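All chains should be built: construct the whole structure from the sequences, respecting the hints.
4 protein chains.
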Amino acid sequence: MELKFDAAGTQALIRGGVRVADKGGLVVEDVRQGYARIRLPFRDSMLRPGNVISGPALFTAADSAMYALVLSHLGPALMAVTANMNLAFLNKALPGDVIGEARLLKLGRKLVVMSVELFTSADPQRMVAHVTGSYALPGA
Amino acid sequence: MELKFDAAGTQALIRGGVRVADKGGLVVEDVRQGYARIRLPFRDSMLRPGNVISGPALFTAADSAMYALVLSHLGPALMAVTANMNLAFLNKALPGDVIGEARLLKLGRKLVVMSVELFTSADPQRMVAHVTGSYALPGA
Amino acid sequence: MELKFDAAGTQALIRGGVRVADKGGLVVEDVRQGYARIRLPFRDSMLRPGNVISGPALFTAADSAMYALVLSHLGPALMAVTANMNLAFLNKALPGDVIGEARLLKLGRKLVVMSVELFTSADPQRMVAHVTGSYALPGA
Amino acid sequence: MELKFDAAGTQALIRGGVRVADKGGLVVEDVRQGYARIRLPFRDSMLRPGNVISGPALFTAADSAMYALVLSHLGPALMAVTANMNLAFLNKALPGDVIGEARLLKLGRKLVVMSVELFTSADPQRMVAHVTGSYALPGA
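Protein sequence lines, in the order shown, are assigned to chains A, B, C and D.
Following the working numbering, the numbering of the first sequence begins with 430 at its first residue and continues without gaps.
Following the working numbering, the numbering of the second sequence begins with 430 at its first residue and continues without gaps.
Following the working numbering, the numbering of the third sequence begins with 430 at its first residue and continues without gaps.
Following the working numbering, the numbering of the fourth sequence begins with 430 at its first residue and continues without gaps.
Bear in mind the hints are in silico, worked out from the structure with no lab data behind them.
Note that this is a predicted model, so its numbers are computed, not measured.
C-beta: ideal position from N, C-alpha, C; glycine also.
Don't take each hint at face value.
No farther apart than 25 Å at their CA atoms in a straight line, the calculated lysine-lysine pairs in the BS3-like style are these [stated by the list, open to error]:
no.: 1; chain 1: C; residue 1: Lys-521; chain 2: D; residue 2: Lys-535
no.: 2; chain 1: C; residue 1: Lys-539; chain 2: A; residue 2: Lys-539
no.: 3; chain 1: B; residue 1: Lys-535; chain 2: C; residue 2: Lys-521
no.: 4; chain 1: B; residue 1: Lys-535; chain 2: A; residue 2: Lys-521
no.: 5; chain 1: A; residue 1: Lys-535; chain 2: A; residue 2: Lys-433
no.: 6; chain 1: B; residue 1: Lys-521; chain 2: C; residue 2: Lys-539
no.: 7; chain 1: D; residue 1: Lys-521; chain 2: A; residue 2: Lys-539
Sample of chain A residues lacking proximity to chain D, with all beta carbon distances greater than 10 Å (derived) [claimed, not checked]:
no.: 8; residue: Asp-435
no.: 9; residue: Arg-461
no.: 10; residue: Gln-462
no.: 11; residue: Arg-472
no.: 12; residue: Gly-504
no.: 13; residue: Ala-509
no.: 14; residue: Ala-517
no.: 15; residue: Glu-530
no.: 16; residue: Lys-535
no.: 17; residue: Ser-550
no.: 18; residue: Pro-553
The following block contains the structure:
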């Protein structure tokens with residue numbers, strides 16, 4: 430299928446939507462067929478005791494990556510909502526920008542299923558969380 | 430087992446820990462054997478487009494309820510970390526305080542497994558999300 | 430909503446469908462508004478090394494409980510398919526019949542979301558697994 | 430880390446363990462650093478109404494792939510148990526051998542976290558389910 434928006438267009442859509450995530454200056458770095466990569470710039474408020482990035486910040490990054498993937502592939506008219514998220518926390522998320530790589534697993538009429546791999550810029554080779562989730566499509 | 434802390438003591442511990450969640454004035458309303466209930470007071474920043482409470486805010490409430498359950502039962506020395514979270518989003522979370530009821534499913538030597546039911550004060554009878562998750566215990 | 434089938438009717442439907450589960454003589458013990466309880470009679474083939482009931486047998490029981498809940502509430506015309514299953518394994522499942530109690534979390538137009546608590550008759554007070562899952566409804 | 434067993438050795442271990450899965454003649458096709466691929470030969474009993482492979486058969490394949498990955502990397506002494514499984518069902522699993530590719534996400538002291546992609550030989554390019562799961566390691 431053809432993409433509806435490139436990275437810049439997807440980012441503008443998300444930021445324009447005043448979604449929670451964009452308050453942190455969410456960057457949509459790349460969108461390709463079946464793929465989207467976002468970056469959530471580091472802020473102190475992401476940290477929790479132990480000086481690691483908190484679960485809610487990682488959730489935000491994963492959800493933003495999925496949202497970018499959905500918007501870039503299906504367009505702005507869509508009010509998709511998260512149906513399900515499963516997060517496996519793997520390694521301590523050292524302070525840095527949070528990078529999320531979303532991959533399309535299935536684009537159905539009712540559900541979009543995706544996986545997201547999360548990293549931080551402090552150690553871009555070490556996955557900090559693996560996420561699987563689905564968005565329900567309205568009006569299907 | 431005996432509880433290590435009551436609701437007030439658990440709340441003080443969490444707020445003292447400067448955990449992300451406590452910035453919103455997290456209230457630990459009740460802790461009992463195998464149970465903890467928290468309340469995350471409503472703030473505008475919880476909203477996403479459509480005027481419903483965002484996924485990250487719901488995640489924060491679920492994680493805080495689990496954390497309150499773990500701390501009240503195992504005490505403060507413990508640096509437990511979230512290993513896994515599975516969230517099923519059920520109904521639109523209308524604006525209001527987010528209430529999380531955590532129940533202990535298993536207290537093992539290595540893992541604590543819990544479920545959380547989430548509601549908002551706008552409609553306290555309607556569950557907005559059902560969460561299952563686990564914390565890994567250190568030094569086991 | 431009114432139930433479409435009682436326990437006996439639901440059981441007949443499932444067994445008639447030659448679903449894998451019914452080869453084990455699946456019993457639908459109870460269906461009520463928002464609830465279904467099934468029993469999967471013990472067979473040696475359910476065991477794995479260590480003399481405990483295997484993961485696939487527990488999965489089968491959870492899926493059967495969900496299927497009984499869906500069929501009794503929505504009727505036989507429906508070809509619902511499992512969209513997602515999350516299983517938290519809590520305690521060793523000692524040999525015995527596997528009992529699954531399914532509860533309705535949400536009946537939407539596109540998705541039915543349910544939880545299932547699994548026990549075995551060897552220790553009916555000890556939950557062996559907690560499951561959350563969803564079925565996608567066709568033609569929505 | 431060095432592998433403890435190659436594909437043939439891992440397969441012999443699993444079959445020797447009289448695990449449920451091996452009754453179907455489970456084949457361990459490949460093990461490499463951080464990777465294992467298994468094949469569960471097709472049998473009629475895997476089918477459910479609609480002539481597609483059942484959820485329990487897919488669960489069995491996913492669990493077997495994870496078990497092969499764990500055994501090949503950690504050796505036979507280990508009695509690891511499944512702690513958690515999350516399955517996203519993506520496409521109808523057309524009749525054929527079920528192929529599971531497990532990848533290591535984290536090898537911790539207490540938990541091994543893995544993902545599995547499932548296919549059938551009827552359409553080896555189309556993923557039928559994506560699974561994430563963890564095994565708890567004993568004696569940690």
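Evaluation of the provided hints:
no., hint, verdict
1, C:Lys-521 with D:Lys-535, "holds (24 Å)"
2, C:Lys-539 with A:Lys-539, "holds (7 Å)"
3, B:Lys-535 with C:Lys-521, "holds (12 Å)"
4, B:Lys-535 with A:Lys-521, "holds (24 Å)"
5, A:Lys-535 with A:Lys-433, "holds (17 Å)"
6, B:Lys-521 with C:Lys-539, "holds (15 Å)"
7, D:Lys-521 with A:Lys-539, "holds (15 Å)"
8, Asp-435, "holds (26 Å)"
9, Arg-461, "holds (18 Å)"
10, Gln-462, "holds (15 Å)"
11, Arg-472, "holds (26 Å)"
12, Gly-504, "holds (22 Å)"
13, Ala-509, "holds (16 Å)"
14, Ala-517, "violated (5 Å)"
15, Glu-530, "holds (14 Å)"
16, Lys-535, "violated (4 Å)"
17, Ser-550, "holds (20 Å)"
18, Pro-553, "holds (16 Å)"
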